[in-house]
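Participant: Read off the chains here:
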Amino acid sequence: MNATSERALEVEGLTKIYGDSLVLHDIDFHVGRTETVALLGPSGSGKSTLLHLIAGLEQPDQGSIRWEGRDLANVPTHRRGFGLMFQEFALFPHLNVFENVAYGLRATGMQAEPLAARVAQILSLVGLEGFGGRNVETLSGGERQRVALARSLAPGPRLLMLDEPLGALDRTLRERLMLELPRLLRRLEQTALYVTHDQEEAFAVAQRVVILEQGRIAQIGTPDEVYRQPASPFVASFLGLSNLLPVRVISEDGRIALETPVGTFAHPGPARDVQTVLLRPDRVEIGAGAEHSIEGTVEERSFRGSTLRAVVRVGDSRLTFDFPSRTEVPEVGAPVSLSFDPAQALQVYP
Amino acid sequence: MAKRDAALAARGGKRNAQGVRLSTALLWIAPLLFLALFYFYPLGTILQTSFARGEAGVGGALLRVFADPSARGALWFTFWQAALSTALTLVIGLPGAYLLARYRFPGKRLLRALTGIPFVLPTLVAAAAFNALLGPSGWVNVALMRLFGLGAPPVAFTQSLAAILVAHVFYNTTIVLRLVGDFWSRLDPRHGAAAQVLGASAFHRFRTVTLPLLAPAVTAAALLVFIFDFTSFGVILVLGGPRFATLEVEIYIQTISLFNLPLAAALSVLQLAATLALTVIYTRLMARLSRPLSLQTREIAQQPLRGRRNKLLAAAILTLLLALLVAPLAALASRSFVRLSPRDAPRQTAPTGFTLDFYRQLGRDPQEGVFFVPPTVAIRNSLAFAGATVVLGLALGLPASWALARDSRSLLSRLLDPLLMLPLGTSAVTLGLGFILALDQPPLNLRASPLLLPLAHTLVAFPFIVRSLTPALRSIQPRLREAATVLGASPTRVLRTVDLPLIGRALLVAASFAFMISLGEFGATSLLARPEYPTVPVAIFRFLSRPGAVNFGQAMALSTILMALTGGGMLAIERFRLAEIGEF
Chain A
145 MNATSERALE
155 VEGLTKIYGD
165 SLVLHDIDFH
175 VGRTETVALL
185 GPSGSGKSTL
195 LHLIAGLEQP
205 DQGSIRWEGR
215 DLANVPTHRR
225 GFGLMFQEFA
235 LFPHLNVFEN
245 VAYGLRATGM
255 QAEPLAARVA
265 QILSLVGLEG
275 FGGRNVETLS
285 GGERQRVALA
295 RSLAPGPRLL
305 MLDEPLGALD
315 RTLRERLMLE
325 LPRLLRRLEQ
335 TALYVTHDQE
345 EAFAVAQRVV
355 ILEQGRIAQI
365 GTPDEVYRQP
375 ASPFVASFLG
385 LSNLLPVRVI
395 SEDGRIALET
405 PVGTFAHPGP
415 ARDVQTVLLR
425 PDRVEIGAGA
435 EHSIEGTVEE
445 RSFRGSTLRA
455 VVRVGDSRLT
465 FDFPSRTEVP
475 EVGAPVSLSF
485 DPAQALQVYP
Chain B
38 MAKRDAALAA
48 RGGKRNAQGV
58 RLSTALLWIA
68 PLLFLALFYF
78 YPLGTILQTS
88 FARGEAGVGG
98 ALLRVFADPS
108 ARGALWFTFW
118 QAALSTALTL
128 VIGLPGAYLL
138 ARYRFPGKRL
148 LRALTGIPFV
158 LPTLVAAAAF
168 NALLGPSGWV
178 NVALMRLFGL
188 GAPPVAFTQS
198 LAAILVAHVF
208 YNTTIVLRLV
218 GDFWSRLDPR
228 HGAAAQVLGA
238 SAFHRFRTVT
248 LPLLAPAVTA
258 AALLVFIFDF
268 TSFGVILVLG
278 GPRFATLEVE
288 IYIQTISLFN
298 LPLAAALSVL
308 QLAATLALTV
318 IYTRLMARLS
328 RPLSLQTREI
338 AQQPLRGRRN
348 KLLAAAILTL
358 LLALLVAPLA
368 ALASRSFVRL
378 SPRDAPRQTA
388 PTGFTLDFYR
398 QLGRDPQEGV
408 FFVPPTVAIR
418 NSLAFAGATV
428 VLGLALGLPA
438 SWALARDSRS
448 LLSRLLDPLL
458 MLPLGTSAVT
468 LGLGFILALD
478 QPPLNLRASP
488 LLLPLAHTLV
498 AFPFIVRSLT
508 PALRSIQPRL
518 REAATVLGAS
528 PTRVLRTVDL
538 PLIGRALLVA
548 ASFAFMISLG
558 EFGATSLLAR
568 PEYPTVPVAI
578 FRFLSRPGAV
588 NFGQAMALST
598 ILMALTGGGM
608 LAIERFRLAE
618 IGEF
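Heads up: the protein sequence lines correspond to chains A and B, in order. Heads up, this note's numbering is the position in the first sequence plus 144, with the first residue counted as 1. Heads up, this note's numbering is the position in the second sequence plus 37, with the first residue counted as 1.
Some clues are possibly wrong.
Estimated spans, in silico, between C-beta atoms of each pair [what the hints assert, rightly or not]:
(1) A:E156 to B:R149: 51 to 61 Å
(2) A:D172 to B:R511: 38 to 48 Å
(3) B:Q85 to A:T282: 52 to 62 Å
(4) A:E443 to B:R141: 50 to 60 Å
(5) B:R149 to A:S386: 51 to 61 Å
(6) B:R149 to A:T282: 13 to 23 Å
(7) B:R141 to A:L323: 31 to 41 Å
Over 12 Å on every C-beta distance to chain B, these chain A residues come out as not near it, computed from the model [what the hints assert, rightly or not]:
(8) L272
(9) G365
(10) G398
(11) T408
(12) V418
(13) R453
Simulated from the structure, these hints should not be mistaken for laboratory data. No residue lacks a Cβ here, since even glycine has one placed at the ideal position from N, Cα and C.
Based on the provided sequences and hints, a complete structural model is requested.
Facilitator: Pasting the structure below:
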């Protein structure tokens, strides 16, 4: 049986309004048992509000939140049995590491001995053995992050919510934790909801992503699905697929063709609504090898380690490509030919 | 559909905000009632008294002040001594602020704590301390007389302008050290570094980067120092002697000795107008200072002392600060334990040297009619009044601070915030006068009530209490409460395990302020204390104004006890105050 088939958290028709602005509109999604789902979206897209609604810190204006089929509307936050790791960690400054981690356990009335054992176990799980007596104000950013994680894990929450948990950390630490965190969540078979604005993070941590755009769901799918088939120009450009080009639909001899700055292509489907086309940068190569080729001028090139980014002008359009860094890219100002297979490289949007 | 949703939400939001506003308004009731009854009503009575007599209203009252030569003299003297004192305080304090702000060195914490003591020291103790160091029977004069066999004390320090100025510098240097030093230490040194990279010389850097950034802090400190010097009372009365009178002293003399209440009231009005104006400017400046200015944590901004020149400079500044701020206190404490002449014993002659006689004497029944009660009773009175002040102060300060912290941007808070600070800019003697005029007749006759002094002390301590509590209450981020709730804590558990522990320290700080201010308060007390219920400062004043070595010794002993009590309070504040909060 598929681990994610059993629905744990179900969100249906959720709507939240502040004053005149619609912060969340008709949100539907679910999180399966032991699954990690990422809520991905730019800042202001309503991700944190959604978490707060699920945690019960705020009340929805419409819609329902259910856990294993049971409506949570009348369950106050402290009885929901969820964990929430806050963006800035929100560690209790007046408690040491041990007491911070023990906080949720004390609220359950756990005895001193099992409590101490549990805290020690959780601390070692996050790699903070022996930190119990430390003052949280003296910890580094990475250590605070671990304490915050340990604190939200300690009571064994049915659902762990993480709000930009790696946002406050430096790059090296982030990349390491991006590997460690999913491993830990998998090991604990933890059902989790992970909020981030960083697609890399979302793809690394989650089995499915929910992409939010201004309070609405733009797409739901596995990382692979959303990257291969972005549902809208917004999703495409949010995922870094930025070569969105204008389209003119022309009708030739009863056949429909799409005129774009990179060429005119036959279009098999109904074309009335096509307005934008995405040229996938990962499907374009340098040289005239593939089916369709175009000529352009290199406007910028910058070395980025494993890739080499080139901005190429084709007609009036500037196209951005990330080539493997061993690719031979002409100097700035030099002409360059690019080629691609339209069936794979082009995606059309209304 | 969306329209209906929006309307629904707007209604819900409004209801919620209204609820918060209503409960915030409820919190204001007790503090405002208190201020109305014990601040505005007495001050209103002063205004009434001062204008009622004169035929020409406001003009008449002012005319009366300017027609009276001693009142005119007091007005002029008040201004220029305050200006001169402030300038001197800045000259001494700014280098110290720089040292504390920019460098790490051993003993720094101790220095910070030591330099904090004078500020909270009761004026009478400060006056006694300078007497012990430089007075006619102070250490310096005694040493010089012994050394050169002189018959009279060679240094005439007390009863001089110099004494007033030095005492003011002693008192207020702490303000400059704290206010400017704290702000300076959090200024990002990278601003300076950036200017350096741009080719600015050290002097140019200071003038174009540091000084403009620092200017509001320096101005705020100077204003606060000026306000304190302007309303100085005990120092002038005891150290200056009869030749010098500030407005404050003049009000006291007109009230107590001449019983010219209308003139006293007119002077109060004048003083009130000046200090209120200054306080308003100060509050504005402080509000600007608390705006984040890419402030840096201390660790990054400070460096260890390196290089011979820096070390020498630091040593010079430290020596000056210690000599000025600590020497009088040491002189006071030591003087209370030493008998200089065999004739200085209470009854018969006794050996000179170390003695506890001055302390023992405090428990005896009074002689020479200085008091109706032994001085130990004064200690007991002071402690009782201070305890009552703590209770009253917290009971009124907590709701006010809570309201301020919860809803700092609402119109109500913005209007009431400066109002709460008013007592800070009102002289204690004026408050005392107001109490005398307003509260010894119906409808509110409290003249014989033991609560009169705690009420006055609470008024004086109120701004300090609110200023200690509000930032702490504000610093409890809603996130922390939410985190606790998500972790399964019920609302009462959140209150018990998050809110209370976090404001606990601030409560201790506020209570310490209330306690110390009450213990040392002299301005209002000098007018309000009943002869049979003297407080310690009143007792010190009476001892100091009497001749004789035994009286002097007892003044020293009482002052030392008061110094120990307030010093302990200051250490408690240093220990418990949250590091980032330093408004005073």
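Participant: Checking the smallest CB distance to chain B, is L272 of chain A really beyond 12 Å?
Facilitator: Holds: least Cβ distance 18 Å, greater than 12 Å.
Participant: Does the Cβ distance between R149 of chain B and T282 of chain A fall inside 13 to 23 Å?
Facilitator: At roughly 21 Å between Cβ atoms, T282 of chain A and R149 of chain B fall inside 13 to 23 Å, so the hint holds.
Participant: Is the Cβ of T408 of chain A farther than 12 Å from every Cβ of chain B?
Facilitator: Since the minimum Cβ distance to chain B is about 41 Å, T408 of chain A lies beyond 12 Å and the statement holds.
Participant: Holds or violated: 50 to 60 Å for the Cβ distance of E443 of chain A and R141 of chain B?
Facilitator: 52 Å Cβ-Cβ, so the 50 to 60 Å window holds.
Participant: So the hint says 38 to 48 Å: do the beta-carbon atoms of D172 of chain A and R511 of chain B match that?
Facilitator: At roughly 39 Å between Cβ atoms, R511 of chain B and D172 of chain A fall inside 38 to 48 Å, so the hint holds.
Participant: When you look at the beta carbon of V418 of chain A, is every beta carbon of chain B farther off than 12 Å?
Facilitator: holds (29 Å)
Participant: Taking C-beta pairs only, is G398 of chain A more than 12 Å away from all of chain B?
Facilitator: holds (42 Å)
Participant: Test the statement that G365 of chain A is away from the interface with chain B: the closest C-beta pair must be farther apart than 12 Å.
Facilitator: Given a closest Cβ separation of 27 Å, the condition holds.
Participant: May I ask you to test the hint 51 to 61 Å on the CB atoms belonging to R149 of chain B and S386 of chain A?
Facilitator: Cβ of R149 of chain B to Cβ of S386 of chain A: about 55 Å, so the range 51 to 61 Å holds.
Participant: Compute the least Cβ-Cβ separation between R453 of chain A and chain B, then decide whether it is above 12 Å.
Facilitator: holds (30 Å)
Participant: Taking the beta carbons of E156 of chain A and R149 of chain B, is their distance inside 51 to 61 Å?
Facilitator: holds (59 Å)
Participant: Check the following: the C-beta atoms of R141 of chain B and L323 of chain A are separated by a distance inside 31 to 41 Å.
Facilitator: About 39 Å separates the Cβ atoms of R141 of chain B and L323 of chain A, which means 31 to 41 Å holds.
Checked against the numbered hints given earlier, the structure satisfies every one of them.
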